[in-house]
Structure formats: structure tokens, C-alpha cells
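Chains as they are written, first to last, in our numbering: chain A, 1 to 298; chain S, 1 to 599.
Each hint should be verified, as a subset may be incorrect.
[Said to hold, decoys possible] Okay, the calculated bits of chain S under chain A, using three or more residues with CB under 8 angstroms as the criterion:
#	region
1	201-211
2	228-239
3	371-381
4	422-429
5	435-446
[Stated by the list, open to error] Part of the chain S face toward chain A, derived, beta carbon under 8 angstroms:
#	residue
6	E59
7	K60
8	I197
9	F215
10	I249
11	V263
12	L276
13	E279
14	G280
These are computed hints drawn from the structure, not numbers from a lab.
Using N, Cα and C, we set each Cβ at its ideal position, and we do this for glycine too.
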Amino acid sequence: MASTVQRSSQLTLADLKGKVDPDWCPGCGDFGVLAAVQKALVELQIAPHTVVTISGIGCSSNFPGYVNTYGMHTLHGRAIAVATGLKLANHALTVLVTGGDGDGFGIGGNHFIHAMRRNVDLLYIVMDNQIYGLTTGQTSPTSRVGMKTKSMPFGSVEAPINPISLALAAGATFVARGFSAEQKHLTELIKQGIQHPGFSFLDVFSPCVTYNHDNTYQWFRPRVKKLEDDSAYDSSDWKAAIEKSLLWDEEIPIGKFFERTDVPTLHGAEPVLNEGPLVHRDPRVPPDIARSFIEELM
Amino acid sequence: MKQTFAVGIGGAAGQGVATPGDIFAKIFSRRGLNLNAYNAYQSIIRGGHTFLTIRTGPEKVTNMGDRIDLLIPLNQDSMDRHLKLLTAGAACIFNADTIQPTSAADGVQLCALPVSELADITRNKVAQNTLAIGAGLHMMGIGFQALEEVLKEQFMKKGDAVVAENVGVARAGYDYAAAHFRAFPNPLPKTESRYAILSGNIAMAMGGAAAGVKFYCAYPMSPSTGVLHWMAAHARKAGIMVRQVEDEIGVINMAIGAAHAGVRAMCATSGGGFALMSEGLGMSAMIETPVVVINCQRAGPSTGVPTKTEQGDLWQMLGAAFGDYPRVIAAPLDIGDCFKIIPEMFNLVDRFQCPGLVLCDLLLSEGRLSVHPEDLDFSPFIDRGELITASNGDAAGATPVTKTDYKRYRFTESGISPRAVPGVPGHVHTVATDEHEEDGVLISDEFTNPVKRRAMMEKRMRKVAGIEAAVSPPTLWGPRDADVTLIGWGSTKGVIEEACEILNEQGISANQLQIRWLVPLHGEAILEILKNSRHTIIVENNFSGQFARYLRSETSFVPDGHIRKYDGEPFMPHHLVEAVKAQLAGNTKLSVPMHEIMV
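Only chain S is shown next, with the shape it has when bound in the complex (with noise of 0.2 angstroms):
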């Protein structure tokens, strides 16, 4: 089994659960390890329960776990939820003055901090925090010197004064955990690796910037709002144009007004926010301008859970806007994937001039994962398609007054049509959002013309074909002959991965197929793989199966099982563990596990 360490911190929103967090990530993270960051919150800015748990370990961890190696419950309230979730050989470090602990089981060390008497807590109001975090490091047998640089970097600016209170808090804490705690059995390894630390969000709008985005729109909304953060402190930079709009039918029509002018143009919501949108989604794939849409998923429907993950909008996606039209729809599979697949993403849209939807859900945009620099390419492949630009297009200076022959739309086998953008000389044309001849003439109102209207449908939905061959089937991972296959799509990645070493160290073998390019399928591939599996069972965050239903509507394939969960908060890797065992006996062809921890 993996060698992990995971650290919970809850406490009230406001009580400063992020900062103890961003230190132990950074102090992990030089240490050359691995690490996967979950913060369970709510929609409150002062206030309720937050818990964030961090896994970090010398190899990849791909999920939160399912175990807490050390609880730091900043208030009683933390106390009370995590405390008797904690199992043997895990400790809990806590405030005793403020904080009783209530039951724990054999094996939980209880570590009481006299916080009044290390830290003078009128001048500083964090200090049980900082102490909590001295205590910690020491009892995973780090040096206290990582410590000391982490909070030199985190206070600097606030003077030294502060940076020097700081240290002193956290050097009290340590040595009081040397005097009083037992360590950790092992303590936290060291490698040469290192890693950059992101959120799904942040790989995303980098990803953006790599494939060459200019033009990033959004109205702010749970769990999405973390791109635009990022493009916004970034865009000067970049040299990207970054607006905050009034609404998200602004968003998407603004997006594709600029990608109609030619440059890459993206913008992200939620699943209401998509809702908007979908009229335009229309509009791009009609008047074949393409743009990328970045859909973070939280629980719905309606307002929902804002701050809980769910894959519960595959059918919107599938569905958005009225009438048949290409586009491409894809989920990343971890927080690396969700960098790389927008480059991919622009690369299919410009070449097939329509829209391509990114479906992410707030378990990859909101946590973070340490992935390897290298995988953040900033030079990836850039395929514009057939784009028609000043620099391309007739020769500049040429005759301005245009009549031309150019047809937007010409017929072509591929059914892609050259793509002139406004400004080029000699390829004046009127896009429209009604249907239309090649030569982009509306055959709507008066001109209505079933044989022109069939054609233009077909040319059209002839890119289907295109796609389809441009974006490679999914495959199998693990033994081909497992005892059971888990099926899963987009973030459930990581923990179905885990599941099945978990299984595989059990004696059960298991193998998986996860999807991440949902349009298109590849359904005969996915039949081909599927029809040799002995058990297979679809693993997903929602209620209805929404994955199973589309498989089934796709292939006609029908699973021996499911698996879901749509309580908000994501799979445990013992969820699907013990799923599984309950289907293979027999027990169940549905299971939905129960998220133990209260948060």
C-alpha cells in the first residue's frame, strides 16, 4: 500500500483554516512529495465548518484518502465531528484551553497544547494555529528550519516584527511537541522531486494561456470563480483581455464576438451559469465560430450546494441549445489534465469551427494537486484550422471595395469551411444565426429552401465524422482479465484508481476504463473493451447515472452495477472498496455509499 500522511485542518470560515494549510503544502511540497488538497466548505465567509484535508506522500496521490493521520481542530465544533472519525496510530493536536476532547478511540494520541502559556494570545490572535503547526511538523519529524523560511516568506511583508513573532510561536510549539508528544513512527520522507502546487482552476486558466487564449470572459460563480481570478492577475502578462461581464448570456455571447474576430476566446461557469449560455452555444456552432466553455460542476439543481462537488450536468451539456449541431465535450481527469486538455480542446474547435465544452466539477477546479512543472507546457501544439487572417488572406492594400466570390460556408467534403475574419480584404461576408446558403444569404425568411436548408444541415453535421476521428478511444488500465471492471468519468480518476490497487492488494482484481473525451464516445471501442469484462460497474457523483444512461443511449450497454453518490462531497477510495465487495457477493447492484465525515 502507499506510504500517505494526511493532515486535517477544521475550524470556522474566517478562522484561518487556508493559512495553516498553505504551509504545510509548501513545507510538503519542498520536501520533493506529492500532495492532494481537498477543502470541504460552505457558502459562508465568516463562520460554520471548513475542513481541509492535504495527502502527501513520496509518490503520487492522486485523492483525500481515507484516514487522518493528524487532526487540528481549531475550534470545539471540528473537535466534535473529526475526533471520533480518527483511527489507531493518528494523532489530534488542539487548543486546551478553548477545546475538550471528546471521545476518541484506542490508539488516538490526544495532544493538549497550553496555548495561553506558549504565546501571549492577546497580540496574536492566530497563535494557536501556529503552535498547532510547529507541533505537527515536529511530530512528522521535520526540521524546524523548513518551518522558519515557509513563514519568513508567508509574513514578509507585514515586517519583521511580525516575521519574528511568528517564528517564535511556531518554535514554542515545536519544542513543546518534543518534550511532550510522541512522533510519528515514520517521518515524512524527502526526494529530489519537485513540484509546482495548483488548483484544477488555476491549471485551466494556464492551460488557457498556453493555447493561446486573448479573450477570457465571465460573470463570478462557485466553484468556477478561480479561473477568472487567476486570468484576471495574470492577463497583463499574458497579454490576454479578461472581462468581467453582466451576466453569463453576456459571457458567451462577448466570448464569441471575440473569437469570431479571430483569437482564441474562453470562458467558465457553473452549471446555472451554463444554463444561460446555451442559446449562444447555438449561435457558435451555427454560425461556426468556435469557442470554449468551461463548465465547473457543483451539486444542483437550481442554486444547489454552491460549494459541494457533483457530476450532475452531463445531460445539460449533452442537451445545451435547441436543434443538432457538432461540438466536442470533454472531462478532465486530474488537476495536470485539466492544463493540458484546453490546448487540446482549441486545437479541435478551431479545426472544426464549433463549440467545445470542458466539464469540470469543484473536486478538480477547487483542489490541488502537485504536478510536475514539466507538464505545464507552454508550448503545446497550436492548430488554428482553416482560419483566413490579414496575414494570410489576400494581400493587404489590395482593392478594399469588396465583391467577392468568397462563400463562408462553401460545401467541402469535410465539411469545414475556410474561415476569412473580419478585416481581411476580398472575403466580405454576413455570418447569421439563421440558416443560410454558402454564401451566408439567411434561406429563412424569404428564401426558405428545404434542398438548401438539407445541405447546409449536412455540411455541418459532417464534421461529426471529422471529430470523431481526430480524438483517440479510451482504454482499458489494469489487467485485462480483472474480476471487475470500475467505469468513471472525469475526476473520479484518482480515487477509482486507488480503489483498484486497494481491491488488487485485497485479491480482487480490478481493472479500469475511465472516459475523459464524452462527445465523442467511441462507443464501439468502449463495447469492445467492455464485452470481454466480467463484472463491470459505473462509478459516479450523481444520482440518476446520468454517464450509465448516455452509455446505454450510445451502445445499448447495460452494467452489472453502479455506484454514486450525490450527497456533495466526492468519493473515498474505501466508498468504491467496499461497493465493490458488496456487488461481487451479490448483495446490491446499486450501491451509494455514505460520506461518514459530517462536514
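Okay, chain A solo, but in the shape it has when bound (with noise of 0.2 angstroms):
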């Protein structure tokens, strides 16, 4: 993905501070993600200006104005169709989306489907705390059965999403879970997001520290074992893919769980695009194809 890395000056972590401040509450998991993703941008030394970062709403979807890179914060659930469109229109730009579990997998789950299905090439970066928390404390569609919050007071009776088997069903071509109490992994994962060709989606245990009392950084540490440290899993096998994505409870697997790079992204497989990005092109249709146009009519 990252295809604009420009060097012409030392990027730092300086750089690529925000213009204010994060307004989470001290000790939210969106913290680790935001220095994760800050730290994987100067380890590959990509020109702010050649990055966007999009977002939908919610807590997590504040995360744009904390970086300094193009930014949008756009509407609840539509980060990627926003991110579509861009990157379609100017292909050169690296593009990041994030957002959170209730934006992605619930108000925003059609385009979540269709952008890995189409393998638009960008970075999703779920921040899944299993709750909606700047409407306060409801259920999400992560929520485990059982759960009680403001909307389900006497415990979720409904099953959560799988976010991970959901995305290696739809075909996306990266598939990653990261934790965000595990800084050193999760850049890594991220940093392999950026880079690959196509569709990555990465599903980031960020735990709300404020409404979401089951599952916390307690609660995940004991649990979470890193594919990594399993010299015998093969991310490029889909089955087992599927398989390490059933996992919960007592034993749940962080890491790279799958990457193919044999399919072509959405603005690779277009005709269109081939004599670059469409923002850089001359607006006006040749003359003697706009004649061929009316001709058709006559």
C-alpha cells in the first residue's frame, strides 16, 4: 500500500502529533493505538501528506484529529465508503481508516462487507471495546452474551459478531488481531497493514475502561497467546485461519491470522486507473471521443 514514501526529511514521532490532545479517559485503549500507529508511520518513514486518516463516530473516531495527516472525520459507519471513494480518486495516497466496533460492525456493517469482498487497498483499524461508549454505555455488536449494559440491563441475549471469521468470509486478503496493552506487536501488525496490497483489516482489543468492566486489560492479558509465537501457523492457510478465529475465552489468539497477496486491489483491477491517479488528469473528455459519444446518438 504505502506506494508515496518520501524521505526528503526525518520523520519523528514529533511530527505526527495532532493538533490537540486525545479526549479519551485516562487509561482507554485508544491510547495504545494512536502511539502504535503514530510509531509504525515514522518507522516507515511516510510523508504525513501523503497519508488520510478517516473515521466515522464515536470515541475511537476522534482518532484523526490526534494524528497530523489529512484527515476526515466523517459520519457514523460511512468511514469506509468515504475511504473508497478517495482512495479510488487518488490512489497514491496511503489510506488509514478507524474507527470503532459499534461504527464498524454495526451501523456501518454493509460497506464493511463490500470493501473486503472489492479488496480496497487500505488499513481498518477497529478499536473493539465491546460496548458503545460515547452514547454512554450500550450493548455493541461485540458485546458477549450475557453482558449487561444501559440498553440490555439484565445481560446481552444475543450473540456477538466474530469480527475476524466475519472478515476472512468476506474475503479480505489481511486479517489481524491486535492488543493494545501489546505496543511492540500492535505496530508491527500495523505496520504490515500498511504495506499490503489490498484490504487489512485489524480487529485491536481496546479496552473501554470506563463502561466496559467484563472485558478488560485483566481480563485479556492471562488470555491473549500471539500466532507469532507459534512457529507452526501458517497465515497463509485459510482454514486454519478460520479455525484460530473460533478461539475465545480461555485461550484467544492475537497476531496476523491470515494475508494472500495474489488478489488484485480494487484500483489495480481497474482499467481506469492505469494512467494514474484520476485527480491528476486532464477533466475534459478528447474531442474526438466526445464525438464518437454523440455520434452513437445519431
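Please assemble the complex out of the two chains, which come individually in their own frames, going by the hints.
Next comes the structure, spelled out in C-alpha cells:
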């Protein structure tokens, strides 16, 4: 993905600091994701003006304001649709989409599925806290059965979405899971996701310290197991990835579940883009072609 | 009165109504004649009843008119529905093997074709259609060669044998008519003009290409799908990225994403899809990224009548998305205008960085009109507004590390802030649908601030005055001191124009005020015109008088009367003429003409 890497001066973490500091609650998992994204961009030395960070609405969707790249803070659930249009209009840009589980798997679920089958070349990071935070604590599509929230005070009776299985089934070409508290590991996954040609999905456990008292740092820490620590695990094996994606409770895998690079990206599959990004093109239809369009009608 | 000739072809969907229609249209067009075609159809792929009216003549033909000169019913149902509406001088060509004529008015010529005697119907399933075309053309006084040429083009791909077969059948029909049927008294004239024939959907798609649209996306929805079809078929030649999206919410957001990257982006839908887009329009306005949305209206509410026309979405457009924001709304006046209005709309929205809505309807979207090729201008004026791109921004290659003073939403007198697109060094910023400061930082969550909110709201809304100044007010057509002024908007232009001509011929002087720009409306200019009118009537294709209510809300103007229609079919000239007479006689203030044709 990172097609435009400029190294005209050394990029540092300070360069990637946004205009304002995050307004997340102290201890929020999203701080770790922000730091990891900034580190990844520095390590990859991608010029900030060639990156666009696009989000929907929610606590984690405030993300673009906190990182010094081009940014779009769009509508609830719509970030992926906006990002798809932007990438197709200027595929030289590196596109990051950030948001929460409600934004991406609830209201934005349809766009999520279709972007994966299209293999749009972007990295989609979901800060998954299994709760609606900005609306003060309601059940989300990834809340576990039995979890008590303000909207389901007697405990959720609905089965949650499994984002990793869903992404694998929908045809995502890079599927990974991180944990906000595992900084180095997360930074590495973000770097791989940015560099992957195609749709990269990265679900990150990003605990909500205010509203989710079930899935806390303490809950996750003993359970998460890095796939990278298992030398026998083959991330090109889709069926193995599906099996791993079903694990929960005692052992929850994090890391890269799956990657394939043999599927063309959406912008790569469209001959219209062969001559380079649309934004740099002459808007005029050449006169001979315009004439042929009219002659068809005569 | 204008010299025109109208052919009506009726049949079940799938019976081949379209092909004879295309053949007649080509032949008329190549004689240098104008034409207007309207297909009344249903939401069914096979079966039902479709009725295509092609009206032609040497002068401009702006609507389907009031009478059918030649009826070609392809089944008994079409005969039953339409024969009784023919008047003296008209003719009906039908397959005598399968169709029985019903009662016809005096002076209507019944032309029975013995189809199985003239053609091998086991080999040629549409022999009755081809025979009827041949016979009809003879009666119109058109030489056979014109038909032979068109048939060759039509069937070329299927090989010489198929061409020969069809030419032979057509010839049999042509010759049979020469021997047995009375020709129409006036042969169809010929002129030196040459026209392109296109639908409003094709016109809007081509207008988009001419305007420099580089991104088009849509979800299929009648009657807007024709725009997608043209775009998809011509995308590679025109260098346009065309996408079919999962839903209309995705459509508007994808278009805005592309527009934000710096290209002109457009999408089209109908009322239902437009409803899904409304939150996105608010985003376009709030982040100040221009986008153009076409709404091809169909009869609502809800799924409504998907294949029928209406002007019922005006208030949806006026009220789309919550909050106050600048928008532009225009209704094309005819199919030629469908082309022209798109580059104009893009120049406005690029300049004022807001959403632009084109309010079309099924009548124009799917109707067809002959348009002079010079009116399809692929080099229109293009104004991208205050846009900072890689080519005109800070020198590329300058320090890419960007801590800058660039303010995306800088306060200006015009309300327009220079817009940098992603990728331009030195202008890194974040746009937000939350309310924001000049530099894009949110003032919605942590830093709410009534003073800053007010200032930003006023900055955006200052653009409204600029938009108003950039668009010309409407003008009155026809004699200033007429007995009656007919006020319409958008697609009713042609039929009102013809009704005025008929009224003038009948001694009632009439003039017309047709509204193209709905927002900005120019209410003062409209009042100035209407205060001198003797009798004002608002004509619109909806139930509640949506435009009348809008005009009243903007100007306090109340017309003397209304003519409305909401049965799914467009107005015919006589509907308006009769209603005007009834209203001038003081019989009523609200006329709702009955559509006599059962389609």
C-alpha cells in the first residue's frame, strides 16, 4: 500500500502529533492504538501529507484529529465508503480507516463487508471495546452474551459478531488482531497492514475502562496468545485462520491470522486507473472521443 | 398549429415494442425531423402493457402531444385500450390473424395485415412488427430504402441471412400497404438538419462527462439507472471511475470521498435512494466538499409506482438532511437541458463548496428527444473554484513534514475558504462533520464555544448570497400582458409551451414562467413578474402543489389557480388547455385532469 514514501527529511514522532490532545478517558485502550499508528508511520517514514486518516463517529473515531496526517472525521459507520471513494480518486495516497466496533460492525456493517470483497487497498483499524462508549455504555455488536449494559440491563441474549471470522469469510486479504497493551506487536501489525496491497483488517482489543467491566486489560492479558509465537502456524492457510478465529475464552489468538497477496486491489483491477491517479487527470474528454459519444446517438 | 405526426406502439413487455420504436426514431431523425418519445411502461420484465408514443415533425417537438396518427397494437389488449381514442384521419395497423378491431371513431382507417400470408411466422417471431413498420412507412410517404438501411444496421451482427429475412418481411408489409391501405394525406417532410436522439439519463451522464466528472457511483434504481448504464459503458473511453455500490448510503459517501480527493464526483438515484443519502448531503455541506446528486423522481411515496413520473420530491430536496446549510437545487427543463445543467451545477458547487441537487423526473430521464449535436457541448466552461491541488499548491518536494498555518475553514467575506486536497504538502488538516474551528479542530466535544459556533455557521451561510448572485433569475416567456400566466418548474416546460401556443391560437393569450433554479429561487424577481399577471396558474405533476407551497413560503405569493396531476402519467397539452379555460370561466381553481389513456 505505502506507495508514496518520501524521505526528504527524517520523520519523527513529534511530527505526527495532532493539533490537540486526545479527549479519551485516562487508561482508554485507544491511546495505545494512536501511539502504535504514529510509531508505524515513523518507522515506515511515510510523509504525513500522503496519508489520509478517515473515521466515522464514536470515541475512537476522534482519532484523525490526534494524528498529523490529512484527516476526515465523517459520519457514523460511513468511513469505509468515504475511504473507498477517496482511494479510487487518488490511489497514490495511503489510506487508514479508524473507528470502533459499533461504527464498523453495527451501523457500518454493510460497507465493511463490501470493502473486503472489493479488496480496497486500505488499512482498517477497529478499536474494539465491545461497548458503545460515547453514548455512555450500551451493548455493541461484539458485546458477549450475558454482558449487562444500559441498553440490556439483564444481560445481552444476542450472539456477538466474530469480526475475524467475518473478515475471513468476506474475502479480506489481510486479517489480524492486536491488543492495545501489546505496543510492539501492534505496531508491527499496523506496519504490515499498511504495506499489504489490498484490504487490511486489524481488530484491536482496546478496553473501555469506563463502561466495559467485563473485558478489561486484566481479563485479556492472560488469555491473548500471539500467533507469531507458534512457529507451526501458517498465515497463508485460510482454513487454519478460520479455526483460530473461533477461539475465545481460555485462549484468544492475536497477531496475523491470514494474508494473501495474489488478489488484485480494486484500484489495480480497474484499467481506468492505468494512467495514474484520477485527481491528476485532465478533466476534459478528448474531442474525438466526445464526438464518438454524440455520433452513437445519431 | 404545428405539423406533427405521432406513432403509438402498444404491446406486452417482451413483445418487442422497443425495436419498432427505435427503427421509427432512426428513420424520422435521418429525415431531419425532430422527435419526442415517451414510453408508458410497468415494473414488469415480461407481460403487462407498454405503450410507446413517438411524435415527430419538422419543428421542435417538446412533448407527446394529444393525438396518435398511427396506432400499432401488437396484441388484443393494446387494441382494446387505444383504438377507441383515435380520431378521424388516424389509422391502425394490426395483425388480422390474432387481433380483432374494437369500435373505432368515424374516419379511422383500420388496416388489417394478413400476417401469416405475408410472412413465415414460424421462422420470424416478430414478423407482425416488421410488417407493420413497413406498412406504416409506406402510409407516411417514406421510401423503402430508409427502412432497408436501418434494418441492415439493426441486424448486421446476426448475419446476412437475418438481414435479408427482415428486409424481405418489411418489403412485404410495405408493398401490401401500397396495394391496400390509404396513405396519410401529408407525407412526412424532410429537412437538412441532423439530430442526436437521447434520453435525459444519457444527457445527464454525458453532461457529467463534459463537466469533467471523474467519479460516478450509483445503486440501481428506476428511473435513474440509465445514467449508470451510460457511465458504465463509456467509463473507460471517458476516463471515469464508475462503481456500483452496496446501497445509496454507500453511494453518497463514496462520491464525497472521491470529491474530497479533488475530482468532480456525481451520483444519481430516485426518491427512495435519495432519502438514504440525506445524511451524506449534510456531510458534504459541513466538511464543504462539493458533490452533485441527481434525483430522477418517480411516483411516491415509498416504493410508489416505480415506472411512472411525478414531481413529488421537491420538499424532500428542500429539507434533505438536518440543520441549515447552503445547497443548490435545479430542475432541468428538457432533455437538452439535462446535459447543459450538469456543468453549470458543478461550477456552482465547486465554487461554493456545497452539495448540488439536480431534480429530474422519469418523464425526462426515460423520455427521448432529438437534440442538435451542437447543444451537446463537450467543452463547457469549467470553474473549479478556490481549489489547492498538488499542481498549484506549495511546491511539491518541499518539506513533507507539515506543521502549517493553513486553515481549511478560514473566515472570509464570501464564506468560501480555499480548499486543499489530500496529498498537497504544507496543507495537512482534518475535516470533520462535527462543528469545527477555522483549522478544523472540533468545537463539538471538549471545546464547545457558542461564539465560535456562531461564527462558523455564519461563514458557511454567507455562501448563500454568493450562490444567489451567481444564478440568473427566471424570465417570462410570451406576451407580457397575457390573459393567463402558466407557472411551471422543470420537465413541464414543453407541455406548457405547447398549451400556450394552442391557447393563443384559440384567442386566449397565455405566457409562461418556467422555473429552473429552485434554490436559489429569486423570489423577488418572480414577484416582480407575477404582480403584472392577470391570472396566474401553477402547473405541477404532484398532489399537494409542492412548488405552489414553496413559492408561497418564500414570497407569500398565492396564485389564482392550480393544475395538478398525480396519476403517474405526464400532462398532455389538452389537459392544460381545458383546465385553463375552465379556470378562466370561473368554474374551478383546482384542476386535476383525467388521463384518458389507460397505461
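For each hint, the structure was consulted:
Counting residues of the region 201-211 of chain S whose C-beta sits closer than 8 angstroms to any C-beta of chain A gives 5, which meets the bar of three, so the coverage hint holds. Taking a C-beta to C-beta cut-off of 8 angstroms, the region 228-239 of chain S contributes 6 residues in contact with chain A, enough for the three needed, and the coverage statement holds. Coverage of the region 371-381 of chain S by chain A holds [criterion: at least 3 residues with CB-CB distance below 8 angstroms; count 4]. Figure legend: the region 422-429 of chain S, annotated as covered by chain A; annotation consistent (8 residues with Cβ-Cβ distances under 8 angstroms, at least 3 required).
Evaluation of the coverage hint for the region 435-446 of chain S: fulfilled, as 6 residues show C-beta separations to chain A shorter than 8 angstroms, against a requirement of three. Because the beta carbon of E59 of chain S sits about 19 angstroms from the nearest beta carbon in chain A, more than 8 angstroms, this interface hint is broken. Interface hint status for K60 of chain S: violated, as the beta-carbon distance to the closest one in chain A is roughly 17 angstroms, over 8 angstroms. At its closest, the beta carbon of I197 of chain S sits 6 angstroms from a beta carbon of chain A; the interface hint therefore holds under the 8 angstroms criterion.
The closest approach between the C-beta of F215 of chain S and any C-beta of chain A is roughly 6 angstroms, which is under the 8 angstroms cut-off, so the hint is satisfied. Contact between I249 of chain S and chain A, as hinted, is supported at the beta carbon level, the nearest pair being about 7 angstroms apart and thus within 8 angstroms. Checking V263 of chain S against chain A by beta carbon gives a least distance of about 5 angstroms; that is within 8 angstroms, so the hint holds. This hint is violated: L276 of chain S has a C-beta 11 angstroms from the nearest C-beta of chain A, more than the 8 angstroms allowed.
Nearest Cβ of chain A to the Cβ of E279 of chain S: about 6 angstroms, under the 8 angstroms cut. The hint holds. Given the 8 angstroms rule on beta carbons, the hint for G280 of chain S holds: about 7 angstroms separates it from the nearest Cβ of chain A.
Hints 6, 7 and 12, counting from the list given before, are not met by this structure.
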